[in-house]
Amino acid sequence: MTTWRPSVSVVYPMFNEEENIERAVHFAEAVLSDMTSDYEILIVNDASTDRSAEIAKALAQSNPCVKVFHHERNLKLGGALRTGFSKATKELVFYCDSDLPVDLMELNRAVHIMDFTRSDIISAYRFDRTAEGPIRTLYSVVYNLLIRFLFPLRVKDINFSFKLFKREILNKVALESEGSFIDAELLIKGKLHGLDVIFKMIRELVAFRMKMRHEIRAARVSEP
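For what it's worth, our numbering labels the leading residue of the sequence shown as 2, then goes sequentially.
Just so you know, the hints here were simulated from the structure itself, not pulled from any lab data.
Note that this is a predicted model, so its numbers are computed, not measured.
One should not assume that every hint holds.
Cross-link-like lysine-lysine pairs, in silico, DSSO-like; alpha carbons within 27 angstroms at most [unchecked claim]:
id : residue 1 : residue 2
1  : K201      : K167
2  : K157      : K167
3  : K91       : K68
4  : K77       : K91
5  : K58       : K192
6  : K68       : K58
7  : K190      : K88
8  : K173      : K201
9  : K192      : K77
10 : K173      : K91
11 : K77       : K58
12 : K201      : K157
13 : K192      : K173
14 : K58       : K91
15 : K167      : K68
16 : K190      : K58
17 : K91       : K167
18 : K173      : K157
19 : K167      : K190
20 : K167      : K88
21 : K173      : K190
22 : K157      : K192
23 : K77       : K173
24 : K192      : K88
25 : K58       : K173
Derived Cβ-Cβ restraints for the label pairs, each shown as a range [claimed, not checked]:
id : residue 1 : residue 2 : range
26 : H71       : R155      : 33 to 41 angstroms
27 : A175      : T90       : 17 to 25 angstroms
28 : A175      : P135      : 35 to 43 angstroms
29 : S63       : I170      : 17 to 25 angstroms
30 : P153      : D35       : 20 to 28 angstroms
31 : M106      : R149      : 23 to 31 angstroms
By construction, the Cβ of each residue, glycine as well, lies at the ideal position given by its N, Cα and C atoms.
Kindly generate the complete structure, drawing on both the sequences and the hints.
Below is the structure:
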């Protein structure tokens, strides 16, 4: 078993995620504290209009490992991620949606894979996408085929929000995208710069996400 315990920056792009961000941070804390002694959780509030900023601020005040960055206007996914990446200080950078589409224990497995394969980027793809519905699934298939046709990259589920990479690659890869193309941009530019990109199959925890949302709503209803 690997003894590599790298420092890790987790980036959560956030827009109106008041129902999810607290749980996402707590899950990240639990996983990271077992993985490494040096981590940070970076929340990028992309001009949310709900209580996300307030909740994120409270989380940062209670834990020095949590840091929050606020956008005065919405810069979309690409802008939020670029802010998070620019603020990251640790050896590895990981990003995921704050509604937790996966079990964060997969992050630990991804670190093991990165160590074993000596890869620079780990990009996860889903085992089953049928829960998204036929239209979104078709859109994704066409989009991934287009990326594979236009660029030298055998992509799978390229927009899935589970990417782990070595922070040092940002010295080579200058990201510019404002929207969701940033996922493809990271992998395409990484490949063009000779970086080793590994694709890892993962099971999307749809049931887990639904259970989490139900628990949050139930807790709010029971509050006095």
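Here is what the structure says about each hint:
no. : hint                            : in the structure
1   : K201 / K167                     : holds (16 angstroms)
2   : K157 / K167                     : holds (20 angstroms)
3   : K91 / K68                       : holds (13 angstroms)
4   : K77 / K91                       : holds (24 angstroms)
5   : K58 / K192                      : violated (37 angstroms)
6   : K68 / K58                       : holds (8 angstroms)
7   : K190 / K88                      : holds (20 angstroms)
8   : K173 / K201                     : holds (23 angstroms)
9   : K192 / K77                      : holds (24 angstroms)
10  : K173 / K91                      : holds (17 angstroms)
11  : K77 / K58                       : holds (20 angstroms)
12  : K201 / K157                     : holds (9 angstroms)
13  : K192 / K173                     : holds (11 angstroms)
14  : K58 / K91                       : holds (21 angstroms)
15  : K167 / K68                      : holds (20 angstroms)
16  : K190 / K58                      : violated (34 angstroms)
17  : K91 / K167                      : holds (9 angstroms)
18  : K173 / K157                     : holds (23 angstroms)
19  : K167 / K190                     : holds (14 angstroms)
20  : K167 / K88                      : holds (14 angstroms)
21  : K173 / K190                     : holds (9 angstroms)
22  : K157 / K192                     : holds (14 angstroms)
23  : K77 / K173                      : holds (23 angstroms)
24  : K192 / K88                      : holds (23 angstroms)
25  : K58 / K173                      : violated (32 angstroms)
26  : H71 / R155: 33 to 41 angstroms  : holds (38 angstroms)
27  : A175 / T90: 17 to 25 angstroms  : holds (19 angstroms)
28  : A175 / P135: 35 to 43 angstroms : holds (37 angstroms)
29  : S63 / I170: 17 to 25 angstroms  : violated (32 angstroms)
30  : P153 / D35: 20 to 28 angstroms  : violated (37 angstroms)
31  : M106 / R149: 23 to 31 angstroms : holds (30 angstroms)
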